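Chains as they are written, first to last, in numbering that gives the first Met the number 0: chain A, 0 to 261; chain B, 0 to 261; chain C, 0 to 74; chain D, 0 to 74; chain E, 0 to 359; chain F, 0 to 359; chain G, 0 to 182; chain H, 0 to 182.
Just so you know, the hints here were simulated from the structure itself, not pulled from any lab data. Just to be clear, a hint being listed does not mean it is correct.
With a straight-line Cα cutoff of 20 Å, these simulated DMTMM-like cross-link-like pairs (lysine to aspartate or glutamate) come out [to be verified]:
1) G/K65 <-> E/E347
2) G/K104 <-> G/E81
3) B/K198 <-> B/E174
4) A/K18 <-> D/E18
5) H/K152 <-> F/D185
6) F/K303 <-> F/D346
7) G/K152 <-> E/E193
8) D/K38 <-> A/D252
9) G/K138 <-> G/D78
10) E/K248 <-> G/E151
11) H/K152 <-> F/E42
12) G/K79 <-> G/E56
13) E/K43 <-> A/D25
14) H/K152 <-> F/E240
15) A/K214 <-> B/D162
16) H/K104 <-> H/E144
17) G/K79 <-> E/D346
18) G/K104 <-> G/E116
19) G/K79 <-> F/D221
20) G/K119 <-> D/E12
No experiment lies behind these values; they were computed from the predicted model shown.
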Amino acid sequence: MEEKFAHPELRTPENLVYKRTDFLVDRPLSYCPGCGHGVVHRMLMEVVEDKGIGSITIGISPVGCSVLAYDFLNVDMLGAAHGRAPALATAIKRLWPNRYVFTYQGDGDLAAIGTAETIHACNRGENFTIIFINNGIYGMTGGQMAPTTLPGMRTSTCPYGRDVGIMGHPMKITELIAQLPGTYYVTRQAVHTPAAVRKTKKALRKAIDCQDLGKGIGFVEVVSNCNSGWKMTPVQANQWMEEHMFPKYPLGDIKVDGELVK
Amino acid sequence: MEEKFAHPELRTPENLVYKRTDFLVDRPLSYCPGCGHGVVHRMLMEVVEDKGIGSITIGISPVGCSVLAYDFLNVDMLGAAHGRAPALATAIKRLWPNRYVFTYQGDGDLAAIGTAETIHACNRGENFTIIFINNGIYGMTGGQMAPTTLPGMRTSTCPYGRDVGIMGHPMKITELIAQLPGTYYVTRQAVHTPAAVRKTKKALRKAIDCQDLGKGIGFVEVVSNCNSGWKMTPVQANQWMEEHMFPKYPLGDIKVDGELVK
Amino acid sequence: MAKIKGDIVVNIERCKGCEVCIASCPFSTISMSEEVNSKGYHFAIKVNDDCTGCSNCALVCPDGVITVYRAKVTV
Amino acid sequence: MAKIKGDIVVNIERCKGCEVCIASCPFSTISMSEEVNSKGYHFAIKVNDDCTGCSNCALVCPDGVITVYRAKVTV
Amino acid sequence: MGELRLMKGNEAIAEAAIRVGCDGYFGYPITPQSEVMEYLMAEKPYETTGMVVLQAESEVAAINMLYGGAGTGKMVMTSSSSPGISLMQEGISYLAGTQLPALIVNIVRGGPGLGTIQPSQADYFQAVKGGGHGDYYTIVYAPASVQEMADFVKLGFDAAFHYRTPVLILSDGAIGQMMEKVYLPDPIPRRTEEEVISQCPWASTGKPPTREHHIMTSLDLDPAGQERLNLLLQEKYRVIEEKEVLYEKIDCDDAEYVFVAFGLSARICQKAVHLAREQGIKVGLFRPITLFPFPKKPLQELGKKVKGMLVVEMNAGQMIEDVILSVGFQIPIKHYGRFGGIIPTPDEVFRMLKEKIIGG
Amino acid sequence: MGELRLMKGNEAIAEAAIRVGCDGYFGYPITPQSEVMEYLMAEKPYETTGMVVLQAESEVAAINMLYGGAGTGKMVMTSSSSPGISLMQEGISYLAGTQLPALIVNIVRGGPGLGTIQPSQADYFQAVKGGGHGDYYTIVYAPASVQEMADFVKLGFDAAFHYRTPVLILSDGAIGQMMEKVYLPDPIPRRTEEEVISQCPWASTGKPPTREHHIMTSLDLDPAGQERLNLLLQEKYRVIEEKEVLYEKIDCDDAEYVFVAFGLSARICQKAVHLAREQGIKVGLFRPITLFPFPKKPLQELGKKVKGMLVVEMNAGQMIEDVILSVGFQIPIKHYGRFGGIIPTPDEVFRMLKEKIIGG
Amino acid sequence: MTEEIIIAGFGGQGVLSMGKILAYSGVMQDQEVSWMPSYGPEMRGGTANVTVIVSDERISSPILNKFDTAIILNQQSLDKFENAVKPGGLLIYDPNGITRQPERKDINIYSIAAADEAAKMGLSKVFNMMVLGGFLKLKPIVKMENIRKGLEKSLPARHHKLIPENEKALTIGQDLIQPVHVL
Amino acid sequence: MTEEIIIAGFGGQGVLSMGKILAYSGVMQDQEVSWMPSYGPEMRGGTANVTVIVSDERISSPILNKFDTAIILNQQSLDKFENAVKPGGLLIYDPNGITRQPERKDINIYSIAAADEAAKMGLSKVFNMMVLGGFLKLKPIVKMENIRKGLEKSLPARHHKLIPENEKALTIGQDLIQPVHVL
Ligand SMILES: Cc1ncc(C[n+]2csc(CCOP(=O)(O)OP(=O)(O)O)c2C)c(N)n1
Ligand SMILES: Cc1ncc(C[n+]2csc(CCOP(=O)(O)OP(=O)(O)O)c2C)c(N)n1
Ligand code: SF4
Ligand code: SF4
Ligand code: SF4
Ligand code: SF4
């Protein structure tokens with residue numbers, strides 16, 4: 000292929016400013032084109048790389064589209080049963096206090112079936128990091144309603160739109176766990192623009208740094224698209240996300256250094 | 000027995016001002032002497048009587064000391080599995096929308112194993128009443144730590160006092176569920192003094208009246224003693240409760256007519 | 000002169016002697032018996048004639064064993 | 000005169016043609032190819048020479064397929 | 000009159016539920032059965048028959064919603080797949096202990112653990128021996144076609160209410176996902192409240208002044224009382240074993256060898272029977288339709304007439320124990336299984352019959 | 000050197016766990032086994048050996064804490080009683096599927112449902128046939144004394160790590176609550192991190208640059224891969240059946256009739272053996288100690304020598320299936336069971352032996 | 000009569016719905032049918048296939064390893080199913096997406112350039128119906144009138160206006176199909 | 000030697016700990032023992048009982064329906080266990096709390112007024128040790144020195160100061176026990 004605007008002469012190690020971290024396994028991600036999971040994976044691994052903690056990090060993937068996260072994140076991993084990642088992480092961090100431990104969970108996993116495990120790990124003030132991908136839907140199983148599905152939003156189990164009178168309200172679990180004394184840093188971010196990605200990386204760093212302090216859970220929600228589930232193109236999906244998800248799930252820090260800031 | 004100050008002449012139907020409601024089954028309660036469960040049972044049944052809904056009320060007892068509530072409350076009852084009462088109530092109220100449905104649950108039941116069922120029933124805005132007895136301990140199983148056990152408080156699974164660093168913080172689940180849009184009336188009461196009992200009765204009435212409005216859960220927490228588990232006399236226990244439980248679990252309405260008031 | 004006069008009836012066999020009623024009475028009308036019932040509990044008894052039938056004791060009684068009467072009587 | 004010059008390398012076989020990178024480029028450097036890769040996806044290509052190596056595209060790329068270089072070059 | 004449709008097994012279950020007058024469905028998504036709830040949500044029976052359809056927060060919640068609904072005499076069901084059904088075991092034990100009617104559908108996938116989403120029959124033991132605690136059984140129907148997926152909904156509810164017991168439909172991902180012709184009977188209207196109350200005089204429906212209050216529970220702290228309840232349950236299971244056995248025999252009359260298989264495996268074996276007969280080998284198929292009650296006696300009879308049996312299951316050997324317990328050790332009874340989501344082919348099971356049973 | 004103590008079965012388990020160098024206990028209170036956690040909390044091993052003891056928010060959380068701990072090579076355990084164990088079935092299936100070592104103690108109470116808190120053996124099927132989904136087994140030890148409650152903790156952990164499999168101790172409320180003399184061996188120090196890493200080279204302990212990252216999972220979306228995993232599991236179970244069978248024979252050498260019983264029932268039958276021998280009747284007792292692997296061969300051998308067997312269980316007839324599958328139908332094999340928390344007496348089982356087996 | 004067919008291709012090629020229409024048509028003429036898809040997340044962007052059986056008798060196994068006919072729409076599927084055609088059976092493929100020709104000599108092989116033709120005619124949406132048309136030309140196991148009925152049944156009412164287009168595609172397909180190797 | 004004992008009374012009477020001390024004493028002299036309590040919430044304010052077996056041999060069933068000795072502290076327990084004493088066995092009861100006398104004629108019956116005596120002497124806490132003392136006078140199955148050791152083992156260290164009081168109670172009990180009906 001002819002590369003018209005290519006500048007091979009620039010492609011030297013000194014000039015390298017950005018490349019996919021080696022803490023991602025060198026294989027194609029299993030996610031749909033444009034899905035936010037990939038960006039969060041990469042930022043998380045960049046933080047692990049920056050902190051130099053790759054050999055003392057243990058990650059937990061959920062049941063959801065990111066069930067295969069363990070195939071991509073080049074650290075030791077465990078795959079939890081649906082919803083139970085915080086239980087695994089609780090035990091692991093207590094048994095290996097000098098390891099960095101994180102869970103990576105979807106909204107069905109963390110806020111539906113795993114509600115009790117999430118709330119109690121946060122309430123106990125466990126010393127690990129929770130990364131929570133809120134895409135408002137169950138991606139992996141083919142687009143069913145999630146606790147975070149917006150009112151009126153169509154999914155395969157609310158094909159006429161979520162009717163809050165029957166199906167309940169979208170749940171802001173992040174605001175909820177921020178109320179608990181056991182959380183130390185709670186934030187909501189996104190990864191659809193370069194600026195958002197940079198902020199998410201900072202947030203992830205801060206959340207993992209919490210483990211150095213031992214003062215409780217660091218919790219990073221990432222509002223993300225599930226373009227497959229939403230039945231949009233990735234670009235449309237990101238726009239829809241800005242217009243519809245962000246008003247309900249506003250970005251920004253919610254709790255910093257153990258204090259509510261919002 | 001000689002009744003020195005008895006006035007049998009006063010004991011006529013016209014003069015009757017207070018008697019145990021017939022909506023309590025005529026048998027001894029199984030609770031320890033001085034336990035608050037009995038008072039709450041009675042107030043609840045008085046409300047049922049006052050509202051005239053005895054024949055269209057379905058109650059759900061939990062697993063906990065009040066597992067036998069179904070033996071005492073003279074309405075149709077079901078005994079739930081530990082923690083799952085809100086799931087039962089959800090189905091029952093939806094299947095029998097013209098019935099009044101309540102759950103009656105302890106702190107282990109509602110705030111530990113049943114966390115997910117509690118939160119999601121509240122989040123869906125189900126149209127039933129939750130009565131939550133917070134005695135800071137697992138009474139039935141012999142006094143183990145509950146999610147609501149106070150810091151430093153001794154139980155059989157924290158014999159040296161609850162160490163929040165290891166065992167987590169006492170959980171204020173009532174404040175938590177008050178955050179959810181699906182709750183309509185949320186309050187915290189007690190039953191250790193006549194005034195408190197009267198307020199609790201009003202609160203129960205209000206919570207059950209919510210079912211006439213169909214705007215979501217009515218939730219009444221009653222802070223109560225478990226003198227057996229606390230290893231005190233009932234009178235001591237009530238005093239200890241005022242001094243130690245109330246500061247952490249302050250009495251009063253938290254959400255009224257769908258609006259947070261505290 | 001008309002006066003409010005009250006009386007309570009304690010279901011002795013059902014009383015568990017928890018003593019919660021005692022403090023609730025504004026007139027210190029209740030105390031515990033010397034004897035025990037068949038379950039081995041001391042039970043609530045009236046120890047003065049000042050009861051007004053306010054029902055406080057009955058309200059706080061966990062076992063709902065107190066019935067209360069009240070009447071205007073002429074003294 | 001010294002100028003910042005950038006270049007990107009797209010791992011064509013890994014690109015899924017999601018087009019998320021396009022909008023992130025301040026200089027409209029990226030567009031989609033006419034051809035498809037072996038998975039059947041159109042892939043990202045450079046369509047002008049204005050890249051400054053800002054890395055925006057690489058940051059937002061879900062599949063991490065973009066490598067970025069930058070240098071001061073004399074024009 | 001009814002209606003003929005081409006449907007997936009999962010859809011047939013959902014449609015049959017609506018038509019049988021089911022009062023409530025409570026479930027949680029999981030492949031390969033999410034179409035059950037999706038179909039219901041799309042059909043909106045809550046606007047037509049008044050049937051409640053609710054996506055629960057988990058399988059644990061779903062089974063306990065069933066418990067609540069069943070305890071009030073309503074016709075309630077759930078569906079899930081293997082890991083979700085494991086989470087329901089406490090609830091199923093409660094339903095059995097409290098003697099409540101309910102229908103639970105397991106569209107089995109490969110296990111253990113998260114496993115695969117491909118079809119499997121490895122939950123036989125869980126379904127038949129009782130995956131929950133205590134001495135109980137659920138009636139278990141094993142459909143082998145989309146038509147049976149639909150039919151067994153009615154069969155299941157009838158048995159559930161007749162015996163006051165939870166009933167399981169044990170199917171698998173392939174039958175759930177495949178489409179076949181299915182004849183759907185005319186809808187039966189949902190029972191009115193009055194009908195529920197009169198047909199379920201034991202239920203907690205609200206206590207009129209004319210009767211004692213009803214209590215739905217499985218607790219009896221007094222062991223003597225608990226033993227009485229257990230004896231009652233055992234007696235019920237005995238009656239069920241006597242009266243509810245269902246099975247199918249294909250080409251068994253002159254058979255020298257038989258396959259024993261249920262559900263999807265039975266259909267594969269049926270094809271293998273054809274293959275064998277084409278080669279002049281007298282092979283038959285015995286298909287248990289109820290797994291509990293297991294068709295002990297008919298199988299025992301058959302055991303006296305044939306020279307050997309090959310039990311074919313999409314698992315490592317589970318139903319074979321019940322086959323041996325029925326037939327004994329007089330003739331060779333062997334197992335052939337594939338697992339983890341792999342479906343054996345007719346060729347393959349025929350070859351295995353020759354290798355393991357016929358010899359040579 | 001060790002130490003002699005008088006302890007409850009539940010306490011013995013807890014103390015044995017500390018002494019065997021257990022890394023973590025995760026549990027939720029339930030009668031009749033809450034003493035396990037209570038003892039640990041009172042002993043504070045987290046201050047001595049560094050063992051973690053945590054009261055989980057539920058049994059579901061507890062078993063998944065086990066999964067996490069086990070996946071990192073740590074020696075972890077939980078205990079519960081019947082309803083709680085039912086809630087753990089998904090997690091147990093995951094442990095088996097991921098091949099993780101862990102110890103699970105079930106102090107069985109009467110079921111089904113909430114049942115009673117009195118002792119029972121009605122969770123045999125759940126324990127032995129797999130209460131969770133998929134083709135898996137757990138090794139199951141059935142202690143009959145407080146000494147064995149302590150001893151089987153070590154046995155259990157050893158087997159769990161050797162085979163990378165969850166191990167169950169199936170006991171009951173009576174053995175959990177009763178006190179007996181127990182000899183406790185000297186404590187073994189907990190393994191250091193380095194030891195854990197070198198002894199569990201498969202575990203997810205943190206990836207050094209020198210090796211590939213480790214993944215603990217039971218998922219394989221590819222059915223062929225999933226089948227391979229299953230074949231591996233089945234091969235493991237075959238080895239376990241070959242090597243790990245434990246049983247006890249009492250007075251069987253000259254016996255004409257035998258009781259077959261496990262756990263508490265076996266002790267009751269042992270007394271009944273005495274009663275029988277006093278009357279000159281040659282009775283013996285066969286006690287399976289491992290329920291999986293079931294002592295098939297020794298029981299089959301015994302079946303050739305005796306005239307009949309009475310299987311005594313505190314349930315409605317569960318182990319009897321494995322007894323028949325081992326022995327066959329040549330001699331009468333009958334069941335005697337009590338349920339719902341009732342414990343049969345030695346007199347009673349002896350009478351039943353006479354009635355049901357000896358005749359007359 | 001029993002016809003056992005595998006239809007295989009990419010996820011987006013309408014493989015499943017082609018099978019569905021065929022099956023529904025069978026139902027319309029009172030035959031037994033089964034339609035057994037591959038399923039699961041591996042379908043996402045990957046391959047999809049469906050086994051369709053149309054028969055006068057009760058259908059035993061819905062899962063087969065040998066077929067009377069294989070309809071193949073991409074290379075992966077050709078690799079997987081060429082050898083699964085019964086000797087004397089039929090293999091139909093669309094050369095678009097095929098890089099290696101089928102090699103069997105003991106079966107009938109036809110090609111149908113439906114993808115290209117459909118693109119040309121702006122009928123890409125009903126490309127699968129062209130292929131079906133080609134197949135039915137060779138094996139008229141269902142009558143055209145029943146296909147119409149099948150379409151009516153399997154398409155939601157709001158899509159019934161597309162039926163003429165579908166029928167057109169069927170006809171085109173019948174003309175398009177070409178023998179490659181005939182026994 | 001095998002001695003099978005049931006001790007039964009109200010929850011608060013120290014029934015379980017009496018059994019425990021006896022069992023521990025057995026351990027101290029190298030015998031086999033088992034201690035099997037009734038348990039559960041029914042204990043709350045209700046009755047409690049414990050089966051203690053002390054033996055030279057391995058103990059088979061820890062659960063019995065016939066006993067060598069029954070030590071009975073309330074009426075309910077007398078009603079329940081009088082007939083469970085083996086012919087020729089021993090029944091000891093405290094008349095406080097008993098409303099109906101035992102009626103068996105084929106067993107040895109003793110009474111011990113320990114409750115009253117203990118109340119009189121301000122030793123109510125060790126009332127159960129008096130009863131134990133009485134039993135051991137009749138059946139010295141464990142040596143006094145081993146009882147002491149048993150006490151040391153079964154009481155937490157902070158309660159060791161109470162051992163002399165316990166020993167005193169044992170001695171008093173030995174004097175207190177009275178034959179009612181001896182074979
Ligand atoms: C016990 C259990 N229940 C249900 C499932 C099916 N299941 C798999 S993933 C999933 C939900 C995934 O949604 P989410 O957590 O939002 O993650 P996403 O796929 O959107 O990233 C469900 C319900 C399962 N595997 N196990
Ligand atoms: C699944 C399950 N887990 C545990 C138990 C044991 N259990 C019974 S009641 C109870 C806790 C009771 O405490 P709470 O809910 O606070 O009520 P209380 O007794 O204090 O009124 C527990 C853990 C059970 N029955 N079922
Ligand atoms: S289904 Fe949704 S969440 Fe899953 S990979 Fe695709 S876009 Fe991402
Ligand atoms: S144990 Fe506690 S909660 Fe239970 S009845 Fe007694 S005082 Fe009440
Ligand atoms: S009714 Fe009132 S005044 Fe009378 S005894 Fe009770 S509390 Fe006292
Ligand atoms: S964002 Fe990445 S995957 Fe998407 S089109 Fe651009 S380079 Fe390709």
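Would you mind confirming whether the straight-line C-alpha gap from H/K104 to H/E144 stays at or under 20 Å?
Status violated; Cα separation ~35 Å.
Can the restraint linking H/K152 and F/E240 be considered satisfied, given a maximum Cα separation of 20 Å?
42 Å, violated
Under the criterion that the straight-line Cα-Cα distance not exceed 20 Å, is the pair E/K248, G/E151 satisfied?
Measuring from Cα to Cα gives roughly 38 Å; hence the hint is violated.
Tell me if the straight-line CA distance from F/K303 to F/D346 falls inside 20 Å.
27 Å, violated
CA of B/K198 to CA of B/E174, is that 20 Å or under?
19 Å, holds
Between the alpha carbons of G/K119 and D/E12, is the straight-line distance 20 Å or under?
With Cα atoms ~28 Å apart, G/K119 and D/E12 exceed 20 Å; violated.
Keeping to a limit of 20 Å between CA atoms, is the pair of G/K79 and F/D221 held or broken?
Holds. G/K79 to F/D221 sits at ~16 Å (cutoff 20 Å).
Quick one, are G/K104 and G/E116 close enough, alpha carbons at most 20 Å?
Violated, at about 27 Å.
Does the structure keep H/K152 and F/D185 at a Cα separation of 20 Å or less?
18 Å, holds
Quick one, are G/K152 and E/E193 close enough, alpha carbons at most 20 Å?
39 Å, violated
Do the alpha carbons of G/K79 and G/E56 lie within 20 Å of each other, as the hint requires?
28 Å, violated
Tell me if the straight-line CA distance from G/K104 to G/E81 falls inside 20 Å.
Roughly 11 Å separates the two Cα atoms, so the pair holds.
Comparing the model with each earlier hint shows violations of hints 6, 7, 8, 9, 10, 12, 13, 14, 16, 18 and 20; every other hint is respected.
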